[in-house]
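So the protein sequences, as listed, match chains A and B. Using my numbering, you'd call the opening residue of the first sequence number 4 and step up by one each time. Using my numbering, you'd call the opening residue of the second sequence number 5 and step up by one each time.
Just so you know, these hints were derived from the structure itself, not from any lab. Values in this document were obtained by computation on a predicted structure and should not be read as measured data. Incorrect hints may have been included.
Computed from the model, here is a short list of chain A residues facing chain B with C-beta under 8 Å [as the list claims (entries may be wrong)]:
# : residue
1 : Gly32
2 : Tyr55
3 : Pro56
4 : Lys63
5 : Thr76
6 : Arg78
7 : Arg81
Below 25 Å or equal to it, Euclidean Cα-Cα: the simulated DMTMM-like pairs (lysine to aspartate or glutamate) are [unchecked claim]:
#  : chain 1 : residue 1 : chain 2 : residue 2
8  : A       : Lys40     : B       : Glu35
9  : A       : Lys84     : B       : Glu66
10 : A       : Lys40     : B       : Glu34
11 : A       : Lys84     : B       : Glu62
12 : A       : Lys63     : B       : Glu66
13 : A       : Lys84     : B       : Glu31
14 : A       : Lys68     : B       : Glu23
15 : B       : Lys579    : B       : Glu642
16 : A       : Lys40     : B       : Glu53
17 : A       : Lys40     : B       : Asp552
18 : A       : Lys68     : B       : Asp552
19 : A       : Lys84     : B       : Glu20
20 : A       : Lys26     : B       : Glu31
21 : A       : Lys84     : B       : Glu61
22 : B       : Lys284    : B       : Asp552
23 : A       : Lys68     : B       : Asp240
24 : A       : Lys63     : B       : Glu61
25 : A       : Lys105    : A       : Glu94
To give an idea of the interface, some chain A residues facing chain B are shown, with a C-beta separation under 7 Å as derived from the structure [what the hints assert, rightly or not]:
#  : residue
26 : Tyr33
27 : Glu50
28 : Arg60
29 : Val80
Glycine included, each C-beta is placed from N, C-alpha and C at the ideal position.
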Amino acid sequence: MKKTIQRDLFPGALEMMILRTLKRQPMHGYALVQEIKRTSDDLLQIEEGSLYPALQRLLKEGFVKAEWAISSTNRRVRIYKLTAAGGKHLEREVSSFERMLKGITQVLAPGEL
Amino acid sequence: MNWLRQLFSRQRLYRELSEEIQAHLDEKVEELVAGGMSGQEALRCARREFGNVGLIEENSREVWAWPSVEDVFFDIRYGLRALRHSPVFTAVALLTIAIGIAANAAVFSVVNSVLLKPLHYPRAEELVALHQIAPGAEGLADFENGLLLSPSMYFTYAEHNQTFQSLGVWITGTANVTDMPEPEQVRTVGVSDGVLQALGVPPAVGRWFSQMDQVPNGPGRVMLSYGYWQRRFGGDRAVIGRNITVDSQPREIVGVMPQGFRFVDSDFDLTAPLAFNRGKLILAGFGFNGIARLKPGASIAQANADLARMLPIWMDSWSNGPGSNPHIYEGWRITPMIRPLKLQVIGNVGELLWVVMGTIGVVMLIACANATNLMLVRVETRQQELAVRMALGAGRTRIVRGLLVESVMLGIIGGFAGVGLAYVGVRSLVAIGPSNLPRLNEIAIDARGLGFTFVLSVLSGLLFGLIPALKYTGPPSSLALQSAGRTISVSRDRHRARNLLVVGQVAMALVLLMSAGLMIRTFGALRKVDPGFADPQHLQAMRISIPDSLIAEPERVTRTQNAILDKLAAIQGVKSVGFASDMPMEGVDSDWDEIFVQDKVYSGDLIAPLRLYKSISPGFLQTAGTRLVAGREMTWGEVYALRPEVMVSENLAREMWGTPSAAIGKHLREFSAMPWHEVIGVIQDVREKGIQEQAPEIVYWPPLVQNRFAPAIRTVTFVMRSERAGTESFLNEVRAAVQSVNSDLPLASVRTMQDVYDQSVARTSLTLVMLGIAGTMALALGIIGIYGVMSYTVAQRRREIGIRLALGAQGGDVLQMVLRQGAKLALVGVVIGIGASFALTGLMTNLLFGVTAHDPLTFVAVAALLILVALLACYIPARRATLVDPIVALRYE
Numbered sequence: 004m005k006k007t008i009q010r011d012l013f014p015g016a017l018e019m020m021i022l023r024t025l026k027r028q029p030m031h032g033y034a035l036v037q038e039i040k041r042t043s044d045d046l047l048q049i050e051e052g053s054l055y056p057a058l059q060r061l062l063k064e065g066f067v068k069a070e071w072a073i074s075s076t077n078r079r080v081r082i083y084k085l086t087a088a089g090g091k092h093l094e095r096e097v098s099s100f101e102r103m104l105k106g107i108t109q110v111l112a113p114g115e116l
Numbered sequence: 005m006n007w008l009r010q011l012f013s014r015q016r017l018y019r020e021l022s023e024e025i026q027a028h029l030d031e032k033v034e035e036l037v038a039g040g041m042s043g044q045e046a047l048r049c050a051r052r053e054f055g056n057v058g059l060i061e062e063n064s065r066e067v068w069a070w071p072s073v074e075d076v077f078f079d080i081r082y083g084l085r086a087l088r089h090s091p092v093f094t095a096v097a098l099l100t101i102a103i104g105i106a107a108n109a110a111v112f113s114v115v116n117s118v119l120l121k122p123l124h125y126p127r128a129e130e131l132v133a134l135h136q137i138a139p140g141a142e143g144l145a146d147f148e149n150g151l152l153l154s155p156s157m158y159f160t161y162a163e164h165n166q167t168f169q170s171l172g173v174w175i176t177g178t179a180n181v182t183d184m185p186e187p188e189q190v191r192t193v194g195v196s197d198g199v200l201q202a203l204g205v206p207p208a209v210g211r212w213f214s215q216m217d218q219v220p221n222g223p224g225r226v227m228l229s230y231g232y233w234q235r236r237f238g239g240d241r242a243v244i245g246r247n248i249t250v251d252s253q254p255r256e257i258v259g260v261m262p263q264g265f266r267f268v269d270s271d272f273d274l275t276a277p278l279a280f281n282r283g284k285l286i287l288a289g290f291g292f293n294g295i296a297r298l299k300p301g302a303s304i305a306q307a308n309a310d311l312a313r314m315l316p317i318w319m320d321s322w323s324n325g326p327g328s329n330p331h332i333y334e335g336w337r338i339t340p341m342i343r344p345l346k347l348q349v350i351g352n353v354g355e356l357l358w359v360v361m362g363t364i365g366v367v368m369l370i371a372c373a374n375a376t377n378l379m380l381v382r383v384e385t386r387q388q389e390l391a392v393r394m395a396l397g398a399g400r401t402r403i404v405r406g407l408l409v410e411s412v413m414l415g416i417i418g419g420f421a422g423v424g425l426a427y428v429g430v431r432s433l434v435a436i437g438p439s440n441l442p443r444l445n446e447i448a449i450d451a452r453g454l455g456f457t458f459v460l461s462v463l464s465g466l467l468f469g470l471i472p473a474l475k476y477t478g479p480p481s482s483l484a485l486q487s488a489g490r491t492i493s494v495s496r497d498r499h500r501a502r503n504l505l506v507v508g509q510v511a512m513a514l515v516l517l518m519s520a521g522l523m524i525r526t527f528g529a530l531r532k533v534d535p536g537f538a539d540p541q542h543l544q545a546m547r548i549s550i551p552d553s554l555i556a557e558p559e560r561v562t563r564t565q566n567a568i569l570d571k572l573a574a575i576q577g578v579k580s581v582g583f584a585s586d587m588p589m590e591g592v593d594s595d596w597d598e599i600f601v602q603d604k605v606y607s608g609d610l611i612a613p614l615r616l617y618k619s620i621s622p623g624f625l626q627t628a629g630t631r632l633v634a635g636r637e638m639t640w641g642e643v644y645a646l647r648p649e650v651m652v653s654e655n656l657a658r659e660m661w662g663t664p665s666a667a668i669g670k671h672l673r674e675f676s677a678m679p680w681h682e683v684i685g686v687i688q689d690v691r692e693k694g695i696q697e698q699a700p701e702i703v704y705w706p707p708l709v710q711n712r713f714a715p716a717i718r719t720v721t722f723v724m725r726s727e728r729a730g731t732e733s734f735l736n737e738v739r740a741a742v743q744s745v746n747s748d749l750p751l752a753s754v755r756t757m758q759d760v761y762d763q764s765v766a767r768t769s770l771t772l773v774m775l776g777i778a779g780t781m782a783l784a785l786g787i788i789g790i791y792g793v794m795s796y797t798v799a800q801r802r803r804e805i806g807i808r809l810a811l812g813a814q815g816g817d818v819l820q821m822v823l824r825q826g827a828k829l830a831l832v833g834v835v836i837g838i839g840a841s842f843a844l845t846g847l848m849t850n851l852l853f854g855v856t857a858h859d860p861l862t863f864v865a866v867a868a869l870l871i872l873v874a875l876l877a878c879y880i881p882a883r884r885a886t887l888v889d890p891i892v893a894l895r896y897e
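Next comes chain A alone, as it looks inside the complex:
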């Protein structure tokens, strides 16, 4: 019963991107996928469906909240919104991610070898 983790991403990356995107503005699932794809210039190949387990996890942790609403295309959708706790979590995650990235970059940096 292992959890399926998006192979291309490290654990937590998808959640981080979702929170970052929602920080800009609340939106529903479909829009969220499109937005992440758009901003990453389609560099990240994510399975659209994998968004939903991630959203459920965030909901459970209380980092986002969801409300049913009618979208611009006149469709009943669930709009996700960043909570204060989610905002803090995002900050922590981003800063730890940056530290990690810096470390990896330094190791990978040419010239040392």
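Once you have looked at the hints, place chain B on chain A.
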């Protein structure tokens, strides 16, 4: 409760999730179609890009689910299936556990009901017994009851205390109720003001006694117990205000106490006010039980100090008559030792119950060891299955959990069966009703007992599941997969756990058998003690009381008793008859007084030591089978002539005059107004207070004594020696004989002296039976344990044994080899067990009599028994080993 809400809102969560995912797909399709794709193609594309809808939904749902709980349900189902597949293992394991749990649940229920639960009074923790000790008044103040209160003491305490809400004294007794077709002797409790108030239980009907009812010579009042009310009046509420005749005096019924109400530890039929005559009280008269309710917040230490403070007030406020010194009681060193009432009720049975609980706990451990062994064998045979599951990716925790769930399930099922057995056990215990077990009618399996049993079941399940689970779930080895079912030799390591368990079982069984053995020795020692009467089975006893109101004049009382004796002696089959103020061990409160000896000088305030005294009729000694050591018995002629003659016990004669014969012709008396009485006989020592207690020094007065405050003894125990003792026809004739003398005299405490004797050793018998049961269970479980392990070992070593036999070993060699292995285990267990017993049997010193806690004979006998039994248990597997056919054994290769 957040998780609870989650549980119920889960369905909604899942529905919304499906809806959301569908909306996503719809939107995607719509967009793709808008981009120029065909409907079919758009749907395929949307699905491809979305991924596996079912899996994603499941993964999303899993976020909310409790995987562990759901897995455990799976484990339970799997475990049940596994248990069903091996019914023999399941049955044996269940039986072992169920018996262990039943014994524990039953004993715990007794401990809980008797020792742990509060008494049935409102705010029972405030209730205390006014216990006090008086080291200077040896005899009068015995260890168990201490120094009881005198009425004057009660008045002082009631009026001057600062720590009690209410305080009173009470005393048990008997009375004759005569306004019925047949006179009846009933159990009574006399109460002072304050007793009912302290206990605080309101009457079921009517009212309590008021202070007005405590006026001496006032109108007689009485309250009924619920049982007596039902039995005599059929529960008629109109009895209030009616009169009944108690000891020939009319008394008005004012109330009925509710069902189950007892005075501390005493059942009763009637209770009446003591109505002390305050003006006539003296200091002495220490015969009343004190009871009180503490003020909220007052401690027992404060209350003790309060009573100690009032003792001088008591001595200054009252006297023992003109010329007496009230401060002689300072020499008694009276010290208040107030006890919680519960302690008073429980008495000395607490220790016994805890010892039994401890031994039964050990039986449980032995049962668990057996179950562990069974589990070990079982898990070993399931190694292949486990290895396959692990190879398929089941984690170690998962496997361990599965095995634990299985063993805990066994524990719980065993627990259910155990509770059923325990219920039967407790019911029969109450039905048998060991009379020395206090609060017997309260014993039941309650919620706490069920809780205990449940926890015990789960814990034992964990205990016997954990060792096998941890042992056989190491990293998956290809060896296990390959070798399962093959007969490669088993490593030493694998045997170690089982051997350890057997050693532990033997050691624990030894400790239990040792304690049972010590009790058997105690019982044997008790049987050897000469109680001071002979052949109790053929000694019929009964008590008859002649109240003042029926016959006032002392000599007529004695003549009536004499007439009864004559009638009884005439009954067919009666060899001899007699009476005494009480029989040994009857539990009647004894009388004590100072006894002065003529040739001794008692100077100043020095008071003569207190001695127990009794009255006996001519012919009593011969009837009871009590030996006359020196001198002679009195005759009826001497009794009526008021000849100043007396008899003493052998130990008293030795203390006073050196030898029994030297006592003859000496003189003694109780107080100065009494004439000196000549010692004419010396009687053997009698175990008056019970077989286990030292025989007290006793003065035997005749039934009628000159110049005594109570010249005749009014309540006596008649004894008859007859082969017919105890039979119904005999008792009918006895009753008729007594009625023919006076029809207003009921018989009470009709029993043979064998009953009295059994009662005296009841505590020892109960302990013996309990420890005997525990020891037998331990022995049986231990045998099963050794047998099981040896059988398994032999089965495992078939091939090795086959090779040995093929190489020329004789059957005898193999037999010896297996027996040696079993004996080694048993010996190690016995050695450890002896060490443990040495440390533990000391705990039961107080239950023993005539044998030390480290009795060498018991130790040697029990150790030998256990080794012998262990060898027997090994013999069958060993025999089987010699029958191994080498060809068959080796063919398995």
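Outcome of the hint check:
1. Checking glycine 32 of chain A against chain B by beta carbon gives a least distance of about 5 Å; that is within 8 Å, so the hint holds.
2. For the restraint placing tyrosine 55 of chain A at the interface with chain B, the shortest Cβ-Cβ distance is roughly 5 Å, inside the 8 Å limit, so the hint holds.
3. This hint holds: proline 56 of chain A has a C-beta 4 Å from the nearest C-beta of chain B, less than the 8 Å allowed.
4. With 8 Å as the threshold, the beta carbon of lysine 63 of chain A comes within range of chain B, its nearest partner Cβ sitting at about 6 Å, so the hint holds.
5. Contact between threonine 76 of chain A and chain B, as hinted, is supported at the beta carbon level, the nearest pair being about 7 Å apart and thus within 8 Å.
6. Taking 8 Å as the C-beta cut-off, the interface hint given for arginine 78 of chain A holds, the closest approach to chain B being about 6 Å.
7. At its closest, the beta carbon of arginine 81 of chain A sits 5 Å from a beta carbon of chain B; the interface hint therefore holds under the 8 Å criterion.
8. With a CA separation close to 15 Å, the supplied pair lysine 40 of chain A and glutamate 35 of chain B stays within the 25 Å bound.
9. Restraint check: the Cα-Cα separation between lysine 84 of chain A and glutamate 66 of chain B comes to about 22 Å, which is no more than 25 Å; the hinted pair holds.
10. Taking the CA atoms of lysine 40 of chain A and glutamate 34 of chain B, the gap is near 18 Å; set against the 25 Å cutoff, the hint holds.
11. About 23 Å separates the Cα atoms of lysine 84 of chain A and glutamate 62 of chain B, which keeps this hinted pair within 25 Å; it holds.
12. A hinted pair counts as satisfied when its Cα atoms are at most 25 Å apart, and lysine 63 of chain A with glutamate 66 of chain B qualifies at roughly 11 Å.
13. For the suggested pair lysine 84 of chain A and glutamate 31 of chain B, the alpha carbons sit about 20 Å apart, so the restraint of at most 25 Å is met.
14. With a C-alpha separation of about 17 Å, the suggested pairing of lysine 68 of chain A with glutamate 23 of chain B holds against the 25 Å cut-off.
15. For the hint pairing lysine 579 of chain B with glutamate 642 of chain B, the CA-to-CA distance comes to about 23 Å; that is within 25 Å, so the pair holds.
16. Under the criterion of a C-alpha separation no larger than 25 Å, the hint pairing lysine 40 of chain A with glutamate 53 of chain B is consistent with the structure, at around 12 Å.
17. Between lysine 40 of chain A and aspartate 552 of chain B the alpha-carbon distance is near 113 Å, which puts this suggested pair outside the 25 Å criterion.
18. Annotation: proposed proximity of lysine 68 of chain A to aspartate 552 of chain B is violated, straight-line Cα distance about 93 Å (limit 25 Å).
19. Between lysine 84 of chain A and glutamate 20 of chain B the CA atoms are separated by roughly 17 Å; this keeps the pair inside 25 Å, and the hint holds.
20. Note on lysine 26 of chain A and glutamate 31 of chain B: the hinted pairing holds, with a Cα-Cα distance of about 23 Å set against a maximum of 25 Å.
21. Annotation: proposed proximity of lysine 84 of chain A to glutamate 61 of chain B holds, straight-line Cα distance about 21 Å (limit 25 Å).
22. Annotation: proposed proximity of lysine 284 of chain B to aspartate 552 of chain B holds, straight-line Cα distance about 19 Å (limit 25 Å).
23. For the proposed pair lysine 68 of chain A and aspartate 240 of chain B, the alpha carbon gap of about 72 Å is over 25 Å, so the pair is violated.
24. As the CA atoms of lysine 63 of chain A and glutamate 61 of chain B are separated by approximately 15 Å, the hinted pair is consistent with the 25 Å bound.
25. Our distance criterion of 25 Å between C-alpha atoms is met by lysine 105 of chain A and glutamate 94 of chain A, whose separation comes to about 16 Å.
26. At its closest, the beta carbon of tyrosine 33 of chain A sits 5 Å from a beta carbon of chain B; the interface hint therefore holds under the 7 Å criterion.
27. Because the smallest distance between the Cβ of glutamate 50 of chain A and any Cβ of chain B comes to about 4 Å, under 7 Å, the interface hint for this residue holds.
28. Proximity of arginine 60 of chain A to chain B holds as hinted, the smallest CB-CB distance being about 5 Å (cut-off 7 Å).
29. Proximity of valine 80 of chain A to chain B holds as hinted, the smallest CB-CB distance being about 6 Å (cut-off 7 Å).
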